[in-house]
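A.B. asks: Read off the chains here:
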Amino acid sequence: MKADNIKVLLIEDSKFATQLTKKMLDEEKSAQFNTELRCADSLAAGLECLKDDKIDIVLLDLTLPDSQELDTFKKVKAQAPDLPIVVMSGLEDERIAMDAVKKGAQDYLVKGQINSNLLKRSILYAIERNWAARQIRKLNLELEKSLTELKEVNNELEAFSYSVSHDLRSPLRAITGFSNILMEDYTDTLDSEGKRLLNVIQSNTKKMGQLIDDLLSFSRLGRKEIKKSNVNMEDLAKSIFEELRFINPERALKLNLNTLPPAQGDPALIREVFVNLLTNAIKFTKNKENAVIEIDGEAKGKENIYYVKDNGVGFDMEYVNKLFGVFQRLHSDKEFEGTGVGLAIVQRVIHRHGGRVWAEGKVNGGATFYFTLPIIEGAI
Amino acid sequence: MSGIIDNDELMKVFYEEAHELIDKMKNDLSTLSVKAKRREGEAGIVKTGGIREEKEGTSLTFRNLFRYAHTLKSSSRAVGFGKLEEVTQALERIFKDAEMKTIDLDSNNISIISEGITICGKLLKNEKVSNYKSLLAQLESITCNRGIY
Numbered sequence: 001m002k003a004d005n006i007k008v009l010l011i012e013d014s015k016f017a018t019q020l021t022k023k024m025l026d027e028e029k030s031a032q033f034n035t036e037l038r039c040a041d042s043l044a045a046g047l048e049c050l051k052d053d054k055i056d057i058v059l060l061d062l063t064l065p066d067s068q069e070l071d072t073f074k075k076v077k078a079q080a081p082d083l084p085i086v087v088m089s090g091l092e093d094e095r096i097a098m099d100a101v102k103k104g105a106q107d108y109l110v111k112g113q114i115n116s117n118l119l120k121r122s123i124l125y126a127i128e129r130n131w132a133a134r135q136i137r138k139l140n141l142e143l144e145k146s147l148t149e150l151k152e153v154n155n156e157l158e159a160f161s162y163s164v165s166h167d168l169r170s171p172l173r174a175i176t177g178f179s180n181i182l183m184e185d186y187t188d189t190l191d192s193e194g195k196r197l198l199n200v201i202q203s204n205t206k207k208m209g210q211l212i213d214d215l216l217s218f219s220r221l222g223r224k225e226i227k228k229s230n231v232n233m234e235d236l237a238k239s240i241f242e243e244l245r246f247i248n249p250e251r252a253l254k255l256n257l258n259t260l261p262p263a264q265g266d267p268a269l270i271r272e273v274f275v276n277l278l279t280n281a282i283k284f285t286k287n288k289e290n291a292v293i294e295i296d297g298e299a300k301g302k303e304n305i306y307y308v309k310d311n312g313v314g315f316d317m318e319y320v321n322k323l324f325g326v327f328q329r330l331h332s333d334k335e336f337e338g339t340g341v342g343l344a345i346v347q348r349v350i351h352r353h354g355g356r357v358w359a360e361g362k363v364n365g366g367a368t369f370y371f372t373l374p375i376i377e378g379a380i
Numbered sequence: 001m002s003g004i005i006d007n008d009e010l011m012k013v014f015y016e017e018a019h020e021l022i023d024k025m026k027n028d029l030s031t032l033s034v035k036a037k038r039r040e041g042e043a044g045i046v047k048t049g050g051i052r053e054e055k056e057g058t059s060l061t062f063r064n065l066f067r068y069a070h071t072l073k074s075s076s077r078a079v080g081f082g083k084l085e086e087v088t089q090a091l092e093r094i095f096k097d098a099e100m101k102t103i104d105l106d107s108n109n110i111s112i113i114s115e116g117i118t119i120c121g122k123l124l125k126n127e128k129v130s131n132y133k134s135l136l137a138q139l140e141s142i143t144c145n146r147g148i149y
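Here the protein sequences come in this chain order: A and B. Following the numbering used here, the numbering of the first sequence begins with 1 at its first residue and continues without gaps. Following the numbering used here, the numbering of the second sequence begins with 1 at its first residue and continues without gaps.
A couple of the hints might just be wrong.
[As the list claims (entries may be wrong)] Keeping only pairs whose Cα atoms sit at most 30 Å apart, straight-line, the calculated DSS-like set for lysine-lysine is:
#1 A:LYS15 / B:LYS26
#2 A:LYS75 / B:LYS125
#3 B:LYS125 / A:LYS15
#4 A:LYS102 / B:LYS122
#5 A:LYS22 / B:LYS83
#6 A:LYS15 / B:LYS122
#7 B:LYS101 / A:LYS22
#8 B:LYS125 / A:LYS23
#9 A:LYS102 / A:LYS254
#10 B:LYS24 / A:LYS22
#11 A:LYS103 / B:LYS101
#12 B:LYS101 / A:LYS23
#13 A:LYS22 / B:LYS12
#14 B:LYS122 / A:LYS22
#15 B:LYS133 / A:LYS322
#16 A:LYS29 / B:LYS12
#17 B:LYS37 / A:LYS15
#18 A:LYS15 / B:LYS24
#19 A:LYS15 / B:LYS83
#20 A:LYS75 / B:LYS122
[Claimed, not checked] Sample of chain A residues lacking proximity to chain B, with all beta carbon distances greater than 10 Å (derived):
#21 ASP13
#22 SER14
#23 PHE16
#24 GLN19
#25 LEU20
#26 LYS23
#27 LEU64
#28 PRO65
#29 GLU92
#30 LEU157
#31 ALA159
#32 ARG251
#33 ASN311
#34 TYR319
#35 THR368
Don't read these hints as lab results, they were simulated from the structure. Virtual Cβ for every residue (Gly too), placed ideally from N, Cα, C.
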């Protein structure tokens, strides 16, 4: 902020008030507070000064020969939106001066109650406050710009990852196809090491296919429009658990399903949440003889909180922040197969619904995955 | 009447401007007085033209009168001329109400206002004003103690 040589424009039609202001500014003059006063006795003259001169602050009388009350302030503000304005009002029109402050004046002073020190402080604070307000506006603009850029980059990244995953499929299909031909038609000419290597190629292409599928579904999630409706969370969780139990007939799985509050969300996407969380719960309890999975939920404040808990291998809380990242895995593929996209999908779906996700766990002490969905007033 | 500003040059500007404002008020009021008398004389006669122009002109006169009284009031407060501040405040209210058309000034009211302006001149010259309180009450009764806004 400028501490010296402050150019003050006084828009005031009274000669006495002008002289009085000049005297007060002179009284306060110092090395730290040096003012240069310019005077205009009408709004038109004041607006003209604002066009030509480099002004730091405007002291404004609201009752002028060519303008009155809030109109005066609005016209000056329109001409100099970035300048601090201090309104000089009468005791009886203090309400109008306060309205001017609401509309962007930095301060108001009541005529007849002003002394030189008060005037000095008002000028300094007004300039300082205005500077801070301008900085905030500037930062907000920069932030908005960055946000727009970020959105554009994000969209480009989404499009990129979609097209890359999509385009990767063709060469992968070719590798799979040709290795199948090798396996079927050239089995006599391949020795055991050749066959082993071919198997490695095939299992890796399968794995890569799964990765591409997961990446594609994750990418689609970001683009898919959310269509919200009422979701019976209890029925949904139960039916998904039954489906998963069906494809894991060798597992002894116990489900403790408590009463879940209904939710507002996209049923297909919420389904993905339960599929991924329950798939994980079943996967990470595979070493347990008696796997117990618990699903519960409750309404709390403006959101419903749900959780899926298991008594499986759990995880080290030190790595909890990595859990929801794409391709982030805390276990090797040999121990527990997977691509590391499931929890990223859960997080993306919940975030797109305006909810939160988090997890708690302990090595060999099970894991609990929480997610929330906002309660929409009058929706259920 | 004693001032709180110990600066001869500044007080000189105050007096000059105050006299100027009082003169302007007197001039504008005499125009209004002529109009009021003519209006009262023509009561009952339907006029066919010029009413709108006259109304607009009157409204502008009230706005100017308000500004003169308003400026004099603020200056009086700054120099500590309490009585002058009180009278100009009462005048300011009347002119604002008249401009907003919440009161209608007849020639009787105008003569009270005229007396008020004369008293402003006397107070400025530090002359003795015996009827100050009764005049202030009369001025205030015109606006029925209504706030100016």
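A.B. asks: If a hint holds in the structure, say so; if it does not, say that too.
C.D. replies: Outcome of the hint check:
1. A:LYS15 / B:LYS26: holds, 20 Å
2. A:LYS75 / B:LYS125: violated, 39 Å
3. B:LYS125 / A:LYS15: holds, 19 Å
4. A:LYS102 / B:LYS122: violated, 41 Å
5. A:LYS22 / B:LYS83: Holds - the C-alpha atoms of LYS83 (chain B) and LYS22 (chain A) are around 26 Å apart, at most 30 Å.
6. A:LYS15 / B:LYS122: Holds, because 21 Å separates the two Cα atoms, which is no more than 30 Å.
7. B:LYS101 / A:LYS22: violated, 37 Å
8. B:LYS125 / A:LYS23: holds, 24 Å
9. A:LYS102 / A:LYS254: Distance ~63 Å between LYS102 (chain A) and LYS254 (chain A) Cα, so the pair is violated.
10. B:LYS24 / A:LYS22: holds, 25 Å
11. A:LYS103 / B:LYS101: holds, 28 Å
12. B:LYS101 / A:LYS23: violated, 39 Å
13. A:LYS22 / B:LYS12: Satisfied, since the Cα-Cα distance of roughly 15 Å is no more than 30 Å.
14. B:LYS122 / A:LYS22: holds, 29 Å
15. B:LYS133 / A:LYS322: Roughly 84 Å separates the two Cα atoms, so the pair is violated.
16. A:LYS29 / B:LYS12: With a Cα-Cα distance of about 23 Å, the restraint between LYS29 (chain A) and LYS12 (chain B) holds, given a limit of 30 Å.
17. B:LYS37 / A:LYS15: Outside the cut-off at roughly 35 Å; violated.
18. A:LYS15 / B:LYS24: Holds, at roughly 15 Å.
19. A:LYS15 / B:LYS83: holds, 21 Å
20. A:LYS75 / B:LYS122: Not OK: LYS75 (chain A) and LYS122 (chain B) at ~38 Å, beyond 30 Å, violated.
21. ASP13: Per Cβ check, ASP13 (chain A) is inside 10 Å of chain B; nearest 7 Å; violated.
22. SER14: Violated: least Cβ distance 5 Å, not greater than 10 Å.
23. PHE16: violated, 5 Å
24. GLN19: GLN19 (chain A) is in fact no farther than 10 Å from some Cβ atom of chain B, at 5 Å.
25. LEU20: violated, 6 Å
26. LYS23: violated, 6 Å
27. LEU64: At about 8 Å from chain B, LEU64 (chain A) fails to clear the 10 Å cut-off, so the statement is violated.
28. PRO65: violated, 7 Å
29. GLU92: Violated, since 6 Å does not exceed 10 Å.
30. LEU157: At roughly 59 Å from the nearest Cβ of chain B, LEU157 (chain A) sits farther out than 10 Å, so the non-interface label holds.
31. ALA159: Non-interface label on ALA159 (chain A) holds, nearest chain B Cβ at 60 Å vs cutoff 10 Å.
32. ARG251: ARG251 (chain A) clear of chain B: closest Cβ-Cβ about 80 Å, beyond 10 Å.
33. ASN311: holds, 74 Å
34. TYR319: Answer for TYR319 (chain A): holds, closest chain B Cβ roughly 67 Å.
35. THR368: holds, 64 Å
Hints 2, 4, 7, 9, 12, 15, 17, 20, 21, 22, 23, 24, 25, 26, 27, 28, 29 from the list above are not met by this structure, while the remaining hints are.
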